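**Student:** Given the sequences, and given the hints that come with them, work out the whole structure.
Those protein sequence lines, which keep their order, are chains A and B. Just so we're aligned, residue 1125 is where the first sequence starts under the working numbering, counting upward by one. Just so we're aligned, residue 1125 is where the second sequence starts under the working numbering, counting upward by one.
If you're looking for bench data, these hints aren't it; they were derived computationally from the structure. Careful: at least some of the hints might be erroneous.
Just so you know, same-sequence chains aren't split out, so a pair can sit in one copy or run between any two.
[To be verified] In silico EDC-like links for lysine to aspartate or glutamate, alpha-carbon gap of 16 Å or less: (1) Lys1673 with Asp1521; (2) Lys1673 with Asp1657; (3) Lys1661 with Glu1383; (4) Lys1322 with Asp1204; (5) Lys1322 with Asp1600; (6) Lys1235 with Glu1493; (7) Lys1127 with Asp1622; (8) Lys1578 with Glu1487; (9) Lys1413 with Asp1622; (10) Lys1369 with Glu1209; (11) Lys1578 with Glu1493; (12) Lys1667 with Asp1657; (13) Lys1680 with Glu1560; (14) Lys1413 with Glu1188; (15) Lys1199 with Asp1158; (16) Lys1413 with Glu1568.
Computed from a predicted model, the values in this text were never measured in an experiment.
Protein chains: 2
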Amino acid sequence: MGKYAIGLDYGTNSCRSLLVDLETGEELGSVVFDYPSGELGVLTDSKDPHVARQNPQDYLDGLEKIVTGAIAQAKEKRPDFQPSEVIGLGVDTTGSTPIPVDKSGTPLGLKPEFANNLNAMVWLWKDHTSHEEAARITEKAAELRPQFLAKCGGTYSSEWWWSKIWHCKNADPAVFDAAYSWVEHCDWLPAVLTGDTKPESIARGVCSAGHKAMYCEEWGGLPDKEFLAALDPGLADLRDRLYDKAVTSDTRAGGLCAEWAEKLGLPEGIAVAVGAFDAHMGAVGAGVKEGTLVKILGTSTCDITVSPTSKELADIPGVCGIVDGSVLSGAYGIEAGQSAVGDIFLWFVHNLVPDSYGATPGEKFAAMEEKLAALKPGESGLLALDWNNGNRTVLVDVRLTGLLLGQTLHTKAHEIYRALIEATAFGALTIINRMEEYGVHIMEVMNTGGLAVKNETLMQIYADILGRPLKVAASDQTCALGAAIFGAVSSGQVALEDVQTAVCKTREKVYQPILENQGIYADLFELYSTVHDAFGKADWSGKLNHVMKRLLDIRKQVHE
Amino acid sequence: MGKYAIGLDYGTNSCRSLLVDLETGEELGSVVFDYPSGELGVLTDSKDPHVARQNPQDYLDGLEKIVTGAIAQAKEKRPDFQPSEVIGLGVDTTGSTPIPVDKSGTPLGLKPEFANNLNAMVWLWKDHTSHEEAARITEKAAELRPQFLAKCGGTYSSEWWWSKIWHCKNADPAVFDAAYSWVEHCDWLPAVLTGDTKPESIARGVCSAGHKAMYCEEWGGLPDKEFLAALDPGLADLRDRLYDKAVTSDTRAGGLCAEWAEKLGLPEGIAVAVGAFDAHMGAVGAGVKEGTLVKILGTSTCDITVSPTSKELADIPGVCGIVDGSVLSGAYGIEAGQSAVGDIFLWFVHNLVPDSYGATPGEKFAAMEEKLAALKPGESGLLALDWNNGNRTVLVDVRLTGLLLGQTLHTKAHEIYRALIEATAFGALTIINRMEEYGVHIMEVMNTGGLAVKNETLMQIYADILGRPLKVAASDQTCALGAAIFGAVSSGQVALEDVQTAVCKTREKVYQPILENQGIYADLFELYSTVHDAFGKADWSGKLNHVMKRLLDIRKQVHE
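**Tutor:** Written as structure tokens, this is what we have:
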């Protein structure tokens, strides 16, 4: 009887494996492979800062290394470990990260004739060369198919499938013409493992399809040809060579093929799950369920929850993705996020913190955190907006920027750092409030990612502002863990809820809101919301002349 | 025939002299005396940060040192210099800086029984213990005598005469009762020099009376007893022991008495001019005239111009002082200012500039100025409000704070420094625009103070934003020079215009606005004004959602 699964997590700069005991949750092996190509795995173009591509060969080279490495670690850690006890493999990747492929499903970038053409490589999610195409898709959809936009928060992004493919056609028609089809990275890798990458055979995951390719069963799958032709007849033609049906990740994409079974040292035929995006599988690895919001707290954040399909769920304005089955079968996956969180703190420490706090960014953070932890909410009199990188949810507007107000001649760097932390927490609360307004209730927040693990001060501020207990997932690799869970479940031998119960653990420390702080933060959040709406919404009207005075009043009241 | 005069400038931390040749403007002697008492000359109270007093003995000790020192320097520099050729002395001081005195005009603080009582000392302008009294005066005046408020910008301040005296009565009735009268520092020192300090004899300057004691001929001098009684009957009683008439500084307060002539080494009987505040005499020393705005650019700024009394002049809302004769006879003196300018830059460099710019504040400023001078207007995408210390003109509101917006994940410290410089310039333009709206036209701006002399980058940005040629006064001591001019003029031997023409020179470098920059700054000023009004005015209504986007557009346009 098998009792292990392997999750493979393909990130922007590296990929990693996780071999997990499905009964105890013990993590027996995990290996990281840094992509050797480009700058930290990203192929760039000195003439255009928007270009971000990847070399598909890196994925294949990494695949072998991380799986065999994890197996070797497991054997060392548990001498009686047998690879034959691995029942399945799951894969998550970044996205939307489409790959142009030929009729056999081989990425064009692996073919000698395209080896030096960036446009034939993998189009990484953060490639923004297609911002004009994205704007035109938004425009056309608003005009012809508003329902498409409603499902993705109102604005189609240059980070997504159709923008990138269309831009390839506009920028390099030869590559577009040579591409028989396009495949998401998260669908291509499972196909590789099953040994059949023919575009018609590849199982397509509903997570990537629904979030980025405007796939929805309501309107018959991918956008209709009439709409695509209105963008470009070439896209309408392409639709015939894509797919009609997308499936959830508890589905078996196929069995591990002989060739890869041999390379990886795993049994032939074990289940390979349909792939999905990292955040979505990460949410499963963190134990997402109805009422639990999983926050992946990193340089930016991804906020994911689920709502059972048995309950009616309206479109939630400004929430960029609601997709049936994108996280769990039988539930709408609801995805939101903040464009910058950790990135704002990193920007601040690198650019605006004097060395009196310490010589290195790490020392500066530590010294500031010690000082700001001693402050009461409202004590600095500061208020910030968390828009240094735009606002993903709920305004869906990249053309917004940061704001700080309340500074006097005595304001210190650590006070501003606290205001920035608070601003990101207010941004997070804005997302939760929007979900709740539309009937998705959030009882607890489960956190994962670097900040959740490392920054206790931040976590307490978040608990006080979000007004909910904050837990932290035990695993450091929730994405890979989620992928492993799907690998196991797709085998048909175990049920998802059972595996989640067994392997998704939380750390002992739970951050409980402090009542006194909650009261002050409620006042501050009202001010945040006013400034947020004033600068972020075209239909806002109101007053702002009370904002600075109210902050001074709160500061005074807190001091007393 | 005499041809010299001496100006005495009493500041917050020190006093200084200037001995000037009235025909050539040559400065022959200047000595600084640091007040020995308290912290840098200010008596403070560790239990109350609002307390700021001075020891009157410091004034007397300094008086002898700085005059004899200047004479000694003049003799060395010009061997044929004769003290008998000095025709007058003028004095300027900070203000409102009232002194409680006994019947003989002796400051209570000089009397043994009060030697250890801070309340018997000189109440320095920046003492803010009387903020509650100030608020009550504003309230009562709004109710009973709105015309009083109209002349001082709408809000009575804790930096001013009546607030301080009333607070003394409330906080320490024994001192109030022991004070036969109160005298402004700038009136008391000339009285000392004339040898008659009896309160009834002291010549009171209209500058301090009009600006701080709500003196105006329109309503018969000081506020009427009925109004004062509504505040406190004790203040109404005091009015009888103050003064009925205040005069301009071209008036002779008296002749130098034998005792002080002896101590200073000057001829007995030479003219001592009626005193005034430093900024007002500084404006005269910088060559203020109709159409010329003098800006004293320091930690805060003082903006002064004049408008001939022959022209009708309405109250200018938000401009804190319009007083007939406060600067020049026959003209309304118009005073405005910004609560913090250099102080904002100092706050920034001390608290938010990393050491990668340099090890010391001086190095950091220099490195940032080099980098920011290479930026184009609008290139940073930033916009700031200059309210870190409130807004003196035109909003007259201390309960306002700083604001910065437009920051991204790439914003650098020197870009923010530039935005702060621009914000102070936009604040300065707001003042000029308000004056012009009310018929006071400003053709050129004459600058003095540390920033004007030292910071060429700032001056060019100011010229571009203010849209006028910016000159810099040649003298480093425009306040003392103005005091010397009044010393000379009060002798009756020379005319003010003639002396100004002879001694008020400008530096060679004139900052001319650059047309291309002016255009961009006009756009940025529109955004500044919108945000300024939104956060500063109760009656504002409008939109702000275009602000960040417009800044991004301007940034893009500038980059192209």
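**Student:** Does each hint fit the structure? Answer for all of them.
**Tutor:** Now the hints, each set against the structure:
1. Taking identical chains as interchangeable, the C-alpha atoms of Lys1673 and Asp1521 lie at most 16 Å apart only when they sit on different chains, with a minimum of 10 Å there against 29 Å within one chain.
2. With identical chains, the CA atoms of Lys1673 and Asp1657 are at most 16 Å apart between copies only, with a shortest distance of 15 Å across copies and 19 Å within one.
3. For the homomeric pair Lys1661 and Glu1383, neither the shortest alpha-carbon distance inside one copy (55 Å) nor that between copies (73 Å) is at most 16 Å.
4. With identical chains, the CA atoms of Lys1322 and Asp1204 are never at most 16 Å apart, being 38 Å at best within one copy and 106 Å at best between copies.
5. Proximity of Lys1322 and Asp1600 under a CA criterion of 16 Å is satisfied in neither setting, with 35 Å inside one chain copy and 82 Å between copies.
6. For the identical chains of this complex, Lys1235 and Glu1493 are neighbours neither inside a copy (51 Å) nor across copies (52 Å), given an alpha-carbon limit of 16 Å.
7. Taking identical chains as interchangeable, the C-alpha atoms of Lys1127 and Asp1622 lie at most 16 Å apart only when both belong to the same chain, with a minimum of 13 Å there against 102 Å between chains.
8. In the homo-oligomer, the alpha carbons of Lys1578 and Glu1487 lie at most 16 Å apart inside one protomer (14 Å), although the nearest pairing across protomers, at 35 Å, exceeds that limit.
9. With identical chains, the CA atoms of Lys1413 and Asp1622 are at most 16 Å apart within one copy only, with a shortest distance of 13 Å there and 87 Å across copies.
10. Taking the closest pair of Cα atoms, Lys1369 and Glu1209 never come within 16 Å of each other, the shortest separation being 32 Å inside a single copy and 104 Å across copies.
11. Only within a single protomer do Lys1578 and Glu1493 lie at most 16 Å apart by alpha-carbon distance; the minimum there is 11 Å, versus 37 Å between protomers.
12. Taking the shortest alpha-carbon separations for Lys1667 and Asp1657, both the intra-copy value of 11 Å and the inter-copy value of 10 Å come in at or below 16 Å.
13. Taking identical chains as interchangeable, the C-alpha atoms of Lys1680 and Glu1560 are never at most 16 Å apart, the minima being 33 Å within one chain and 38 Å between chains.
14. Neither within a single protomer nor between protomers do Lys1413 and Glu1188 lie at most 16 Å apart by alpha-carbon distance, with minima of 33 Å and 84 Å respectively.
15. For a Cα distance limit of 16 Å, the shortest separation of Lys1199 from Asp1158 qualifies neither inside one copy, at 23 Å, nor across copies, at 80 Å.
16. In this homomeric assembly, Lys1413 and Glu1568 come within 16 Å of each other (Cα to Cα) only inside a single copy, at 10 Å, whereas the closest approach across copies is 69 Å.
When each numbered hint is compared with the structure, violations occur for hints 3, 4, 5, 6, 10, 13, 14 and 15.
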